[in-house]
Amino acid sequence: MTENPDLVSTVAASISDGLAVEWERIAEQFAGEDDDLLAELKIVEQIARFHQTGLPGAPDASSIYVRPAHRSQPKIWAHLLILGRIESGPSGELYLAHDTKLRCDVALKLMPEGRYPAGDAARALKEAQHLTRIRHTNLVTVFGAAEASGRVGLWMEPVRGITLDEALKQHGTFGPRDAAHIGLDVCRAVAAVHREGIVHGDITARNVMRDESGRTVLMDCAGRMFGGLPRTRSDDIYGIGALLFHLVTNRYPVEGRTYLRALRPDLPDDFASIVERALDADPRRRFPGAGAFEVSLAGLVGAVAEQGSRHPGRMLSTAVKRIAARLRRGGP
Amino acid sequence: MMTAATLTLGPGTFMADHVSSPTATPGAPQANAANALTSVELLARARAGDDDALNDLCARYLPRLQRWAHGRLPPWARGALDTHDIVQDTLAQVVQRLGSFEPRHDGAFQAYLHQSLLNRVRDQIRWAQRRPTDALATDRPDEGPSPFEAAIGSEAVARYEAALLRLKAADREAIIARIELGLPYPDVARALGKPTVAAAHVAVSRALVKLAKEMALDRKP
Chain A
1 MTENPDLVST
11 VAASISDGLA
21 VEWERIAEQF
31 AGEDDDLLAE
41 LKIVEQIARF
51 HQTGLPGAPD
61 ASSIYVRPAH
71 RSQPKIWAHL
81 LILGRIESGP
91 SGELYLAHDT
101 KLRCDVALKL
111 MPEGRYPAGD
121 AARALKEAQH
131 LTRIRHTNLV
141 TVFGAAEASG
151 RVGLWMEPVR
161 GITLDEALKQ
171 HGTFGPRDAA
181 HIGLDVCRAV
191 AAVHREGIVH
201 GDITARNVMR
211 DESGRTVLMD
221 CAGRMFGGLP
231 RTRSDDIYGI
241 GALLFHLVTN
251 RYPVEGRTYL
261 RALRPDLPDD
271 FASIVERALD
281 ADPRRRFPGA
291 GAFEVSLAGL
301 VGAVAEQGSR
311 HPGRMLSTAV
321 KRIAARLRRG
331 GP
Chain B
1 MMTAATLTLG
11 PGTFMADHVS
21 SPTATPGAPQ
31 ANAANALTSV
41 ELLARARAGD
51 DDALNDLCAR
61 YLPRLQRWAH
71 GRLPPWARGA
81 LDTHDIVQDT
91 LAQVVQRLGS
101 FEPRHDGAFQ
111 AYLHQSLLNR
121 VRDQIRWAQR
131 RPTDALATDR
141 PDEGPSPFEA
151 AIGSEAVARY
161 EAALLRLKAA
171 DREAIIARIE
181 LGLPYPDVAR
191 ALGKPTVAAA
201 HVAVSRALVK
211 LAKEMALDRK
221 P
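Taken in order, these protein sequences are the chains called A and B.
Each residue of the first sequence is one higher than the one before, starting from 1 at the first, in our numbering.
Each residue of the second sequence is one higher than the one before, starting from 1 at the first, in our numbering.
Treat the hints as calculated values from the structure; they're not laboratory data.
Accuracy of the hints is not assured; some may be wrong.
Stated by the list, open to error - Heads up, simulated SDA-like pairs for lysine to any residue below, C-alpha to C-alpha not over 20 angstroms straight-line:
| no. | chain 1 | residue 1 | chain 2 | residue 2 |
| --- | --- | --- | --- | --- |
| 1 | A | 42 | B | 44 |
| 2 | B | 210 | A | 101 |
| 3 | B | 213 | A | 101 |
| 4 | A | 321 | B | 213 |
| 5 | B | 213 | A | 35 |
| 6 | A | 42 | A | 10 |
| 7 | A | 101 | A | 74 |
As the structure is a computational prediction, the values presented were derived from the model and not from experiment.
Next comes chain A alone, as it looks inside the complex:
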């Protein structure tokens, strides 16, 4: 029998909403009442979170993990209200912010604090503004860029999901087909970036996310802009190859050595060959562009390559073809 139906209902409502439940506070205030039911609800909450992000116990399945406010954290930058810090690193800080003009939450990337030659800041701003012109379903959408309070920043769509790095930790290595599909998506995103004359410069499993609906999203084009080493398009090709190597082996390739087949002898030959070509120590022997890389991967999985179109169109043609063929045959 439920002793406190309101408590159980309230907790259930929070879980169904995807909001974090304050289990400790509930345990303190309502100890003994409905412990059994609450214990089961806690398990269901973890299940809900696992299906959303692959990470049980993460604080709030419906939002990005935001650390509590730090004293030195800015409150406002340009027209954005800063809600909390998501992470900080050598290329700058990432905040969750509220865009008062667009009236929605955004992820804000701010250049590291410090003194920079004026030319650097101007160049970074110009490149960031350039990014706002690129639209691709597999590239994080950048809404705007500006300089304010002495810092350059850009704000983009807040992607809810997990990085491929986290997916590797949670689920283990990827199979060749799954990896090839991810590679396809990343190639398309990189092709869109290269078409604008920009190099990404930081393609890693930490920088590629899988959002709530399963979409692959390449993040953080700004890594190189905010103080990284100069990179070439061929470095991006290598980066995609290294990403695929990492996904199927959970290790990083060592330059100059090809031992993918030794680590994963079960991989199909053509998949291994494609990855090895992208990782060739000689940039001239790699794929000449993301488009060529994409076409090779597409051939592997039977998908239709984008070939420079803006809108990916029917990305699931393999699945549709197979299923449609089965339906017409009428057999199992």
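Chain A is fixed; fit chain B onto it per the hints.
Positioned in the frame of chain A, the structure of chain B alone reads:
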């Protein structure tokens, strides 16, 4: 049958109306015409040979189901098949079989799809346990748990799944739509045949309480 006007749409849908700054060009919302059709409608069209409807059905479910299946399969059980193959195969079978079984609404279709995929995943695990080991294989069948069971606990998972099956169909569909598939509320409302997002929210919350009560029955003291 509810109309789109009564559903509460998320903030992202209205972004295009708020462009004010020249540097701020919001991304286009993902909505497209196919979102207006229920999965049951898409299914009927797909079975009649409409490849566009089939494509939209795949786009709606494959990514979510792939992520779901990836968490439910232990790495050692994946073998040469990827979750891609398993999920596509299952969807194909379900689309084929659903002539005789008429889903009343999307929730029933989703529940059927979910159970079919769960069965398929279990088949895959049993197959992997029985196959002869290959001396060169790097993924040996240590028979460890799936990522899902590792995260939640095998005993809790078993209790959860048993309880889910004992619920009434409508409650089970609510749990599958929101908790398992993680659909946003407008989609949940459509799946459950609820006229508003608020009604869908109430349905899910109530189903959660019933689920917890069923699970508590099996809990070992």
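| Violations among the numbered hints, reported as their numbers in ascending order | 1, 2, 3, 4
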